[in-house]
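*Asks:* Please build the complete structure, drawing on both the sequences and the hints.
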Amino acid sequence: MTIAHDTNVTAVLAQAPASVTLAGALNSALADAMAEDDSVVVFGEDVGPLGGVFRVTDGLSARFGDDRVWDSPLAEAGIVGTAIGMAMNGMRPVIEMQFDAFSYPAFQQITSHLAKMRNRTKGTLELPVVVRIPYAGGIGGVEHHSDSSEAYWTHTPGLTVVTPSNPSDAYWMLRQAISSNDPVIFLEPKSRYWMKDAVDHATPTAPLDAARVIRTGTDVTLLAYGPTVKTAMDAAELAELEDLSIEVIDLRTLSPFDDETVGASVRKTSRAAVIHEAAQFGGYGAEVAARVTERNFFHLAAPILRIAGFDVPFPSPKLEEYFLPTAERVLAALDTWQW
Amino acid sequence: MTIAHDTNVTAVLAQAPASVTLAGALNSALADAMAEDDSVVVFGEDVGPLGGVFRVTDGLSARFGDDRVWDSPLAEAGIVGTAIGMAMNGMRPVIEMQFDAFSYPAFQQITSHLAKMRNRTKGTLELPVVVRIPYAGGIGGVEHHSDSSEAYWTHTPGLTVVTPSNPSDAYWMLRQAISSNDPVIFLEPKSRYWMKDAVDHATPTAPLDAARVIRTGTDVTLLAYGPTVKTAMDAAELAELEDLSIEVIDLRTLSPFDDETVGASVRKTSRAAVIHEAAQFGGYGAEVAARVTERNFFHLAAPILRIAGFDVPFPSPKLEEYFLPTAERVLAALDTWQW
Amino acid sequence: MPEAGILLDLYRRMVLARRFDVQVTALTRQGRLATYPSGLGQEACEIAAAAALADDDWLFPTYRDSIALLARGVTVVEILSFFRGDWHSGFNPKQRRIAPQSTPLATQALHAVGFATASKMRHEPVATLAFLGDGATSEGEAHEAFNFAAVWQTPTVFVVQNNGYAISVPFSKQSHARTLADKAIGYGMPGHFVDGNDVAAMYAVITDALDRARNGGGPALIEGLTYRMEAHTNSDDPSRYRDDDEVERWRSLDPIARIESYLIREGVLTEGLRAEIADAAEQLAAETRDAMNESPHLNPLELFDHVYATPRTALAEQRDYLATELESSEARHLS
Amino acid sequence: MPEAGILLDLYRRMVLARRFDVQVTALTRQGRLATYPSGLGQEACEIAAAAALADDDWLFPTYRDSIALLARGVTVVEILSFFRGDWHSGFNPKQRRIAPQSTPLATQALHAVGFATASKMRHEPVATLAFLGDGATSEGEAHEAFNFAAVWQTPTVFVVQNNGYAISVPFSKQSHARTLADKAIGYGMPGHFVDGNDVAAMYAVITDALDRARNGGGPALIEGLTYRMEAHTNSDDPSRYRDDDEVERWRSLDPIARIESYLIREGVLTEGLRAEIADAAEQLAAETRDAMNESPHLNPLELFDHVYATPRTALAEQRDYLATELESSEARHLS
Ligand SMILES: Cc1ncc(C[n+]2csc(CCOP(=O)(O)OP(=O)(O)O)c2C)c(N)n1
Ligand SMILES: Cc1ncc(C[n+]2csc(CCOP(=O)(O)OP(=O)(O)O)c2C)c(N)n1
Ligand SMILES: [Mg+2]
Ligand SMILES: [Mg+2]
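Chains as they are written, first to last, in the working numbering: chain Z, 1 to 339; chain E, 1 to 339; chain F, 1 to 335; chain R, 1 to 335.
FYI, nobody ran anything at the bench for these hints, they're computed from the structure.
From the three backbone atoms N, C-alpha and C, an ideal C-beta is built for every residue, glycine too.
Among the hints, erroneous ones may be present.
[As the list claims (entries may be wrong)] Straight line, CA to CA, 25 Å or less: simulated DSS-like cross-link-like pairs of lysine-lysine:
1) Z:Lys318 / E:Lys122
2) F:Lys94 / E:Lys122
3) E:Lys318 / Z:Lys122
4) Z:Lys122 / R:Lys94
[What the hints assert, rightly or not] Chain Z regions said to be covered by chain E (calculated; three or more residues, Cβ under 8 Å):
5) 102 to 112
6) 116 to 128
7) 140 to 154
8) 279 to 293
*Replies:* Take a look at the structure:
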């Protein structure tokens, strides 16, 4: 089912021979970055011989040795805190928080230091750290294994927050995140890890701070990112049957937000909706709706809708299907508009 | 200067003999709650003999003994985590995070347990814990002493998040928070601790989940909370000179949001702006703007504006004046509307 | 050395626990459960703790400790409902005097300390026992729990099951200390390093620590050295990080085989008794399989019902939204 | 026992440090600074550490350790600019090989471990020294720092200044352990409990630990038992939590008086030398007062300039907004 619809998502992406999973693309991005630059190191929980619980670091410790890829003690604040110290001393650590909710013990190190050190020292101490976080639901994970916490990070000045939705972006955005001199929160959509597609290792898909129109349309703009990009494309397909022409934008970068690309589309369609898994209240969609409305109010024919998770803790595996936004729910939401 | 304008804020509040500071009102709320209910305990860093760095717990350990008011070891996750355990076992802990940014080490305990335990156990284990957090700037605090992190908490389902702006609300909202069976994040505006006003200990100001119109007007609705309520009232005063009639709503409760009170006002004025100190991007104002627009789009004559902190880390003491929203900045923002 | 009757009872519970564990692992391999972290090989620690706890004591377990729950009376269905994804926790903590199985590592240790603090305040003779893994001791919150317990002298016993691994990470990458029990010194509390596959030893040490705690003696840290015989969970691949020899070495130290041969030698465990216990185990296995067959009725609308004690209008709106959606989709399916 | 020349140098720096500290506290009382956590009484720990560090070593200090910064060559202005609120940090960390003074407790200890890890990877003979307070050792991140350093065997020396209090909270409410140095056992690293008011002892122990660390010997935990003679900060009121007798007892153990009388007894510190050092101290005090008089030019627009290495359109918009606001308000003031 996951695989079945991928063509939707990737139709617009550059074609290249090898077809790899999103997890595999991340793996080769890490390998290529490490091969190019000795200062790139990878550490965290189970990223060594096991290759990470999602195998994103598979084979790296064997290839680069366990002084460049290693298992740390089990402590997230410790992982982020020591990564900060390494970055202060010339390294470019790429660290993993095993699951989204398990980044919370590192919250202080991320918000009070990782995000602020550069500003604190007037640019003297840059922290080129990439924090990889598998996030969101859809894989039947037990409690704490399906959180979407992008809103916590995007509200924190000093952090760059990005999330790929397909293998090509996964490869290129991780390469770009690693070469950025700013700390990057790199959110990996768990439910898409196994999605397969061709990846062109020669030409970047887009700059790290750019959103992309992945399907053009005239009636509505759907804004999605990470796991909901597929939902948006599915919705667009269904809508077409009802002669509703939907433009889909894969936001890719959550902070900064690409006002230009999104604004242009919304001014064209005059209607927009944003889709995410996180709880709606205070979710990332609130910022999207607020700023796009601020900047394009008199172009809007209707309020910007938010199709998001309910304002409850993420459900148990058997109930997540009722929580997660679906293409049907997206279309139902669009029907609430006065046309 | 702080004192000078207080009449603005409190003009509409019930009058009563004794005039006390906001910190003093919190202190008597704690004392009265403890006197009424043995299960109410107070602990945290320096809340004992010192009475807290802002003296909010002044005299409580002397009056109730150090088995009900005591200094814990210096560890925020430990404070919240043990409070959760106590609440599981019949107590109603009121704990203090000494400054806003120092609640971050407790982020996991607050988001993964305090907010979720009731849902996890289908209501069997309720956690009547109040987490008091002095927040926001305006007192010339060094780095980490002026954060406004309400958006982190309001995005977390399971938490009730409130913030008083004056002594009467401080007293009553803390009493209501302590008697609530839900965990409450109680945000105390540092810059208003020394604001004085009369407090009526007989009649509650309003329910804990209600916003309040504290100044009526016809042209614009200003939405403010905690430290920015005074800013909004000052702006309303200045606007009056320009014959602009501003209605001011003190939100008081951030989660839940009082859609009814706010919606009624916005449908009347057709224009609204929200004011907060936190960085604008993904700040609480985004949720306010997004939901009020969703629900009242066709009543709006202009986009809802956000007057908020810039998207940078909170500045050093000598620069905070340029960061914090001012009445002037509010009026300038209103001028950007097409009238 | 606990008396024979107790040892026999411990043996009995260990046999049942293992049969349950093996059955659940099998069901998980069949894809019937979302996940199941097996306790196979750790029965001595798990059962000793469950047996040592007094009725009014509280247990603060992790995802790993299902068989301790079983031994403390939680039903098979109550245990499985979490792992098969019905809800986040399947039993009534107050009825069982067990906190929900904690996934965020080491966090439950602080709850155990807080819970014990309240008991101490009310002068109730109630102790709490928190399970932790070797990996979890690296978390800052484990340290905070040990320290709060020691400073406040709460009736809390920390049982660290050092099963050699945190998923794939061996103990050598987790700590440079001689033992985890050594950490106790740094908190000024007693520490005990115990053979975690010797149920008699574990039972004796935990019982003493709990008695001491209930009598105002303060907390204790107990390390049981044991081994995780199964994969971390069904989605794990141990071949990537440990070799069979190591597993076989530990198999020869099997906690059940050890107490069994002792009880037989002592003439306490007769052939008849042994067969009887084996039958009971098979019955439990059957009960477990049956439990999986009757799938419970789940109400999606319950997602909204337990988040807050205080009703919220906006949440009621979302509940209504889902209710309508469910009705219309039902309608669609019918038509 | 370090040789006389070294002791004399330590004495000299301690005298200067105290004079600076007293001067800054006075300025703070006059409301000239936002805040200042005094190091008065802790000069032995602070100066010993600063002196023991090699040029290429890095120091990871807290808000409390300004006099160690002074001793390591940070200028008066660079130190004061933080406390008077110009910016979050006033010196160039790479130039001084000192991390910004950390306020979030214990967090800097992890940075020290990570920094040392990078040095070790590159086989550079560089050690890091992290200061912590007694209260900070209760934080989970202190535990994580100790553990990571021990497991990774990084060249990191943790110097815990146990000054008896965490603001108002006495050590007895912070730990139940005999000493904080005892914690080292639980990490498998050497721990040293030292008289923190004996500069010779502190210097010897820290120097050895740093040498050992640089030579691959791994981390060490050093507890210096000392006392905070001043209030926590200017906004604190110690009379609420400690009595004068206690303060007086510690005054009699003054670290400067002790080394001074020793050096005089040994004939190393002559009256002339002493007067000369006193003069230097007065000069430093004057320099400090002057530093406060020239208030620096602060550019509010700099708020936007250092947040990201990668420029952001939206942030540039906010910068322009503030620039326009500043111009118009200037205009208003002129008219
Ligand atoms: C705070 C946190 N970080 C990471 C994880 C992911 N995780 C689940 S189990 C596990 C290993 C735990 O090892 P250990 O404490 O030894 O317990 P064991 O599984 O061996 O019983 C990890 C890393 C988690 N559950 N919580
Ligand atoms: C994480 C965190 N929590 C709370 C605080 C507030 N705070 C500042 S100093 C202090 C006491 C620290 O005591 P100690 O570690 O002994 O250092 P000392 O001030 O005695 O040098 C506290 C609680 C903080 N800065 N950081
Ligand atoms: Mg383990
Ligand atoms: Mg101290």
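*Asks:* All the hints need checking, so say for each whether the structure fits it.
*Replies:* Evaluated hints:
Our distance criterion of 25 Å between C-alpha atoms is met by Z:Lys318 and E:Lys122, whose separation comes to about 16 Å. At most 25 Å may separate the alpha-carbon atoms for a hinted pair to count; F:Lys94 and E:Lys122 meet this at roughly 12 Å. Distance hint between E:Lys318 and Z:Lys122 is fulfilled; the C-alpha atoms sit about 16 Å from each other, no more than 25 Å. Restraint check for Z:Lys122 and R:Lys94: the C-alpha separation of about 12 Å stays at or below 25 Å, so the hint holds.
Proximity of the segment 102 to 112 of chain Z to chain E, defined as three or more residues with a beta carbon under 8 Å from a beta carbon of that chain, is established by the 6 residues found. Restraint check on the segment 116 to 128 of chain Z versus chain E: 3 residues with Cβ-Cβ distances below 8 Å, three needed, restraint holds. By the rule of at least three residues with a Cβ nearer than 8 Å to a Cβ of chain E, the coverage given for the segment 140 to 154 of chain Z holds, with 5 such residues. Three residues within the 8 Å Cβ limit are the bar, and the segment 279 to 293 of chain Z against chain E gives 12, so the coverage statement holds.
In this structure, none of the earlier numbered hints is contradicted; all agree with it.
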